[in-house]
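All chains should be modelled from the sequences, with the hints used to inform the complete structure.
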Amino acid sequence: MAQTAKHVFVNLPVKDLDKSIAFFSEIGFEFNPQFTDENATCMVINENTFVMLLVEEFFKTFTKKNLTNARESTEVIMALSAESNDEVDQMVSRALAARGKASNDPIDHGFMYARSFQDIDGHLWEVMHMDESAIEQG
69 MAQTAKHVFV NLPVKDLDKS IAFFSEIGFE FNPQFTDENA TCMVINENTF
119 VMLLVEEFFK TFTKKNLTNA RESTEVIMAL SAESNDEVDQ MVSRALAARG
169 KASNDPIDHG FMYARSFQDI DGHLWEVMHM DESAIEQG
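Going by the numbering used here, the letters in the sequence shown line up with residues 69 to 206, in that order.
You may find that some hints are simply not true.
Cut-off 27 Å, straight-line C-alpha distance, at most; resulting in silico cross-link-like pairs (DSSO-like, lysine-lysine) [unchecked claim]:
| # | residue 1 | residue 2 |
| --- | --- | --- |
| 1 | K74 | K128 |
| 2 | K87 | K169 |
| 3 | K83 | K169 |
| 4 | K169 | K128 |
| 5 | K128 | K83 |
| 6 | K87 | K133 |
| 7 | K83 | K132 |
| 8 | K133 | K83 |
| 9 | K128 | K87 |
Rather than coming from a laboratory, the hints here were simulated on the basis of the structure.
Here it is as structure tokens:
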């Protein structure tokens, strides 16, 4: 039997928790107050996926490795699906208006459309819509 997980929690270090909460709130994300304090917050992506935004000093308590400066290096790209190309554009536009930075040029393969941005800590986010009916069934 294949291993499956009920929930996914991505942990990201942030420099200023309040500024990160404000940034992601402007994009439209909500936070679980039960898992929010001065060190961390739980950003809700959907009912099974969450991003834990952890103040850098608190994040360091979970690893023996050095933290990567996300403005200079990339370790991960968080990719989120959207219901339509318009929803992709709306989310990225809100991120840019909230002081995020454009990352790559938009990608449009007809059946798949994607845009990306960097959050205020330099983490990379990709928002994409894929027309699953256009993909051949293998």
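Hint-by-hint comparison with the structure:
Of the pairs offered as hints, the one joining K74 and K128 holds, with about 26 Å between alpha carbons and a cut-off of 27 Å not exceeded. Simply put, K87 and K169 have alpha-carbon atoms about 15 Å apart, close enough for the 27 Å limit, and the pair holds. Proposed proximity of K83 and K169 is supported: the alpha carbons are some 16 Å apart, at most 27 Å. Between the alpha carbons of K169 and K128 the distance comes to roughly 26 Å, so the proposed pair stays at or under 27 Å and holds.
Distance check on the hinted pair: K128 and K83 sit about 12 Å apart at the alpha-carbon level, within 27 Å; holds. Between K87 and K133 the alpha-carbon distance is near 25 Å, which keeps this suggested pair within the 27 Å criterion. For the suggested pair K83 and K132, the alpha carbons sit about 19 Å apart, so the restraint of at most 27 Å is met. With a C-alpha separation of about 17 Å, the suggested pair K133 and K83 falls inside the 27 Å cut-off, and the hint holds.
Restraint check: the Cα-Cα separation between K128 and K87 comes to about 19 Å, which is no more than 27 Å; the hinted pair holds.
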